[in-house]
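> Listed below, chain by chain, are the residues.
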Amino acid sequence: MFVKQISVFLENKSGRLAEVTGILGRHDIDISALSIADTTDFGILRLIVNKPDLALQVLKENGFTVSATDVIAIAVEDKPGGLAKVLEILYKKDIGIEYMYAFVGKLSDQALVILKVEKADEAIEVLKENNVKILPAEEVYAL
Amino acid sequence: MRYWDEHIECMERSTLQEIQFKRLVETVKRVYTSVPYYRKKMQERGIIPEDIKSLDDLKKLPFTTKQDLRDNYPYGLFAVPLSEIVRIHASSGTTGKPTVVGYTKHDIGIWSEVMARTLVAAGADKHSFVQIAYGYGLFTGGLGVHYGAERIGASVIPISSGNTRRQIQLMVDFGTTVLACTPSYALYLAETMEEMEIDKSQLKLKSGVFGAEPWSENMRKEIESKLNIKAYDIYGLSEIIGPGVSFECEYQCGMHINEDHFLPEIINPETGEVLGEGEYGELVFTTITKEGLPLIRYRTRDITALHYDRCKCGRTLVRMEKVIGRTDDMIIIRGVNVFPSQIESVLLEMGEVEPHYQLIVDRINNLDVLEVLVEVSERMFSDEVKKLEQLEKKITKAIEETLGISVKVRLVEPKTIERSEGKAKRVIDKRKI
Ligand SMILES: [Zn+2]
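Those protein sequences? They're chains A and B, same order as listed.
With full-length UniProt numbering as the guide, the letters of the first sequence map in order to residues 1 to 143.
With full-length UniProt numbering as the guide, the letters of the second sequence map in order to residues 1 to 433.
Read the hints as simulated data drawn from the structure, not as lab findings.
This structure is a prediction, so every number in the text was calculated from the model and none was measured.
The C-beta atom is built at its ideal place from N, Cα and C for all residues, glycine as well.
Be careful, since some hints might not be right.
Derived DSS-like pairs: lysine-lysine, alpha-carbon spacing no greater than 25 Å straight-line [said to hold, decoys possible]:
| no. | chain 1 | residue 1 | chain 2 | residue 2 |
| --- | --- | --- | --- | --- |
| 1 | B | K425 | A | K13 |
| 2 | B | K386 | A | K13 |
| 3 | A | K93 | B | K425 |
| 4 | B | K408 | A | K13 |
| 5 | B | K387 | A | K4 |
| 6 | B | K432 | B | K394 |
| 7 | A | K13 | B | K415 |
| 8 | A | K4 | B | K386 |
| 9 | B | K29 | A | K13 |
Here are some, though not all, of the chain A residues that point toward chain B, as calculated from beta-carbon distances under 7 Å [as the list claims (entries may be wrong)]:
| no. | residue |
| --- | --- |
| 10 | S7 |
| 11 | F9 |
| 12 | E11 |
| 13 | N12 |
| 14 | A37 |
| 15 | D41 |
| 16 | I44 |
| 17 | G63 |
| 18 | T69 |
| 19 | E98 |
| 20 | Y101 |
| 21 | N131 |
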């Protein structure tokens, strides 16, 4: 049920992001979602790609500090309150969210969201019980 | 067998000081009469041997540096006729002329004696099999340990360095109990053992004496667990005698200096002023029994501190801390002495095996500022900003506690710190003074 996210350590200097996307492009790796969290000194680039293992390997080979993390991809109704409903389900079960970001939406009536939560297995159970649509990894990589 | 020479190793300090004083006076007389270089230096300062009336007068004497040895290359500082010299050793001389040292028969005897103490403190006795994997030759490591091991009647395996797989095979076959080599070679032996699929349980190894290069507590733990031994730090330099200048006992709380032969001082490397117990500064030795090449107040360039309280092992010989750096790479920030090795040990304690870091010193608004760049390895990396920020804070706090000054820690990408000849350049001083 988990989707493999690639995280890259980036110093805040120009050209680094272009370098990462360039490397991925040269290896024919497609990015389906992306987010950057940054501070004054450094940033963490988070990526969902179609070939996560290859991405991990080529970025390492190019000297980047990279890690792979399990995240959850869900589809929520693309209307006001759609996301709030999901967050409330997790909140009630006391499952904290480390971070989240949205997909470059592709499905017509649904918004796709990536979640990194504290208790991942429990979160999946709860979301399933509440009929939240969890996207399987293969489907996400193919987007 | 706990001590090799209990009488000396556990002697009351007042008695030891009497011996030291007597020997110091003899040494000063000897160099004054037989080494023109020392006579001239003392005359320039207006000192004659009779001015040495107590141990405290040591500080009246001039310092000797490595450069003095080079200037008098090869035999200019020898204090006996060359016919009395029975052995020559030399440092590699990578930065100019080699440093040549000479020993009389009596000097070799002292060397054997101090190395015997070193090995016994590390648990060796006449039943031990001592494998000496230090290089034999002009380097003092191999033969120094060799003579000490012979003195205690151990079985010596003089294999010298290199030939790693064979070393390990012989270690198994001959039942080596004590290993002597550099700490990095000990780790290399452990790694090669794993490759050869030889388990540490196949060894009879109990302890190791490791020296000739700086090593950390982490490295000690690694060697101890991988080889299932107790790892002892030993210290020495060819100018003073070679290995055996100081040694660790089973409490591993600093190295006992054989101060009935080598009189230690700690000085402020900038001013030359003698510092007190526990203060960090440059280690200086005066040899007080050597005949061939006696040295007066030889500046080692090693930074450490001395502790005179009685050790749990019962020895009264003063203990020197692990060398924390060299005067060559010391930087002074807001009046505080800082060594890259201090930062390194902080980072090592954070769980980093081989941290890459760099110190950038700058002067902003007349204030020295120290920035510490730390390369983020996979082990440290997290996909959460908050965890990386916590790491940054943790490192900052640990460094500030160690150095006693504020620093700015910045996490940087791997390989961003410039390497020269495979080694990273540790300090960049941008101050324009
Ligand atoms: Zn002790």
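> If a hint holds in the structure, say so; if it does not, say that too.
Now the hints, each set against the structure:
1. Distance hint between K425 of chain B and K13 of chain A is fulfilled; the C-alpha atoms sit about 22 Å from each other, no more than 25 Å.
2. At roughly 20 Å between alpha-carbon atoms, K386 of chain B and K13 of chain A fall within 25 Å of each other, so this suggested pair holds.
3. Distance restraint check for K93 of chain A and K425 of chain B: the Cα-Cα separation of roughly 51 Å exceeds the 25 Å cut-off, and the hinted pair is therefore not satisfied.
4. Restraint check for K408 of chain B and K13 of chain A: the C-alpha separation of about 18 Å stays at or below 25 Å, so the hint holds.
5. For the hint pairing K387 of chain B with K4 of chain A, the CA-to-CA distance comes to about 20 Å; that is within 25 Å, so the pair holds.
6. Distance restraint check for K432 of chain B and K394 of chain B: the Cα-Cα separation of roughly 31 Å exceeds the 25 Å cut-off, and the hinted pair is therefore not satisfied.
7. Only pairs whose Cα atoms come within 25 Å are accepted, and K13 of chain A paired with K415 of chain B is accepted, the gap being roughly 15 Å.
8. Annotation: proposed proximity of K4 of chain A to K386 of chain B holds, straight-line Cα distance about 21 Å (limit 25 Å).
9. Annotation: proposed proximity of K29 of chain B to K13 of chain A is violated, straight-line Cα distance about 66 Å (limit 25 Å).
10. The interface hint given for S7 of chain A holds, since its Cβ lies 4 Å from the closest Cβ of chain B, which is under the 7 Å cut-off.
11. The interface hint given for F9 of chain A is met, as the beta carbon of that residue sits about 5 Å from the closest beta carbon of chain B, less than 7 Å.
12. The closest approach between the C-beta of E11 of chain A and any C-beta of chain B is roughly 5 Å, which is under the 7 Å cut-off, so the hint is satisfied.
13. Hint on N12 of chain A is violated. Least Cβ distance to chain B is approximately 10 Å, over the 7 Å limit.
14. Here the hint on A37 of chain A is kept, as its CB sits about 5 Å from the closest CB of chain B, short of 7 Å.
15. Given the 7 Å rule on beta carbons, the hint for D41 of chain A holds: about 5 Å separates it from the nearest Cβ of chain B.
16. Interface hint at I44 of chain A: satisfied, since its Cβ lies 6 Å from the closest Cβ of chain B, which is below the 7 Å cut-off.
17. Below 7 Å, beta-carbon pairs count as interface contacts, and G63 of chain A has one with chain B at about 5 Å; its hint therefore holds.
18. Checking T69 of chain A against chain B: minimum C-beta separation of about 5 Å stays under 7 Å; hint holds.
19. The criterion of a C-beta within 7 Å of any C-beta in chain B is met by E98 of chain A, whose closest approach is roughly 6 Å, and the hint holds.
20. Residue-level restraint check for Y101 of chain A is violated (minimum Cβ-Cβ distance to chain B is 12 Å; threshold 7 Å).
21. Because the smallest distance between the Cβ of N131 of chain A and any Cβ of chain B comes to about 28 Å, over 7 Å, the interface hint for this residue is violated.
The structure is inconsistent with the numbered hints 3, 6, 9, 13, 20 and 21, although it conforms to all the rest.
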